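> Sequence:
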Amino acid sequence: MKKHPDTHRLPSLLAFLVLTFGATWTIEATLIANGMRFDTLDSLSGPALWLMGIMWIPGLAALLVTGIERKSFSALRETLRLRIGTSLGAYFLTIILVPLLFAGMYLLTWALGYGDFTPPLSQNADGVTMDSLLHVILPMSIVVGPFLNLFFGLGEEIGWRGFLLPRLMPLGKRYAYPLLGLLWGLWHAPLILAGFNYPGYPVAGILMMCLLCFAFGLFLNEMTLHYESSLLAGFIHGAVNAQGYGIWILLVPAAHPLLGGSVGLTGVIVWLVAGLICTRVLKCLN
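In terms of this note's numbering, the sequence shown opens at residue 806 and continues consecutively.
In short, the hints are calculated from the structure, not lab data. Bear in mind the structure is a predicted one, so any value in this text is a computation, not a measurement. Ideal Cβ positions, reconstructed from N, Cα and C, are used throughout, including at glycine. Do not take every clue at face value.
Label-pair ranges, simulated between beta-carbon atoms [claimed, not checked]: (1) G872 to A838: 29 to 35 angstroms; (2) I1074 to L854: 38 to 44 angstroms; (3) N1091 to R875: 16 to 22 angstroms.
In silico SDA-like pairs for lysine to any residue, Cα to Cα no more than 25 angstroms straight-line [to be verified]: (4) K978 to I837; (5) K1088 to I901; (6) K978 to R882; (7) K1088 to L991.
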């Protein structure tokens, strides 16, 4: 029989959701009404700073709600798991594993016919060559990317994994994980409607984002709970963003939005497999 979240935690949980969704959707709706779109790669540069700022809304909401609940800084830090975690090895594993998972996603994309590799044979308008992709952009995205993106990934993960996940865990993983994935996916809804990640598929894109957030969340949730760190979750999130908006969209620029690449069906499949393996391995380590 499933448990229910602690009654005394429900007001803070609802306050977090109202703040997170209310602030995010209001800001995004305003920006979209003023012409912000994400239908092409060229259109991403303009709204990029807004997106990075919006990533901190869940974290700020979590800090605000938790700060009202617990007045001391040490209690707030402990509640949100703002610590490195129980092992530095998890960070090194992330640096190695995430690029391999993305390689698997795009190999699967190519194998299933959802996208073709089109490496630049000569210097293009942006000054990108195959040599610079392999010897500069790829190493930078693997080694430096996670640290550059950590701050913004942490903004989300303080909220989703630091605050919300523990409050849903009384339901058990069977219910908590899908519910968190659904909420996380719906949080992206206005951006998806404006062409983000799934241009041309606004409604189906929201559904795919919810599936992706559940699949990626399975891996993130397990790592966060096992290593007791939302900082690790932010680092993993940052590593994923570094790969997702780096070399791969340059090598496979025309992957099918819903079926291929890192945010389509191939991404869901790879993250589900990675999450299930992670669950099994970490269970053996307990």
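> Give a verdict on every hint.
Hints, one by one, checked against the model:
1. A hinted range of 29 to 35 angstroms for the beta carbons of G872 and A838 is consistent with their spacing of about 32 angstroms.
2. The hinted window of 38 to 44 angstroms between I1074 and L854 is violated, with their beta carbons roughly 32 angstroms apart.
3. Our hint of 16 to 22 angstroms for N1091 and R875 is violated, since their Cβ atoms are close to 28 angstroms apart.
4. Straight-line distance between C-alpha atoms of K978 and I837 comes to about 35 angstroms, which puts the hinted pair past the 25 angstroms bound.
5. Annotation: proposed proximity of K1088 to I901 holds, straight-line Cα distance about 21 angstroms (limit 25 angstroms).
6. A threshold of 25 angstroms between alpha carbons decides the hint, and for K978 with R882 the separation of about 24 angstroms falls inside it, so the pair holds.
7. Taking the CA atoms of K1088 and L991, the gap is near 30 angstroms; set against the 25 angstroms cutoff, the hint is violated.
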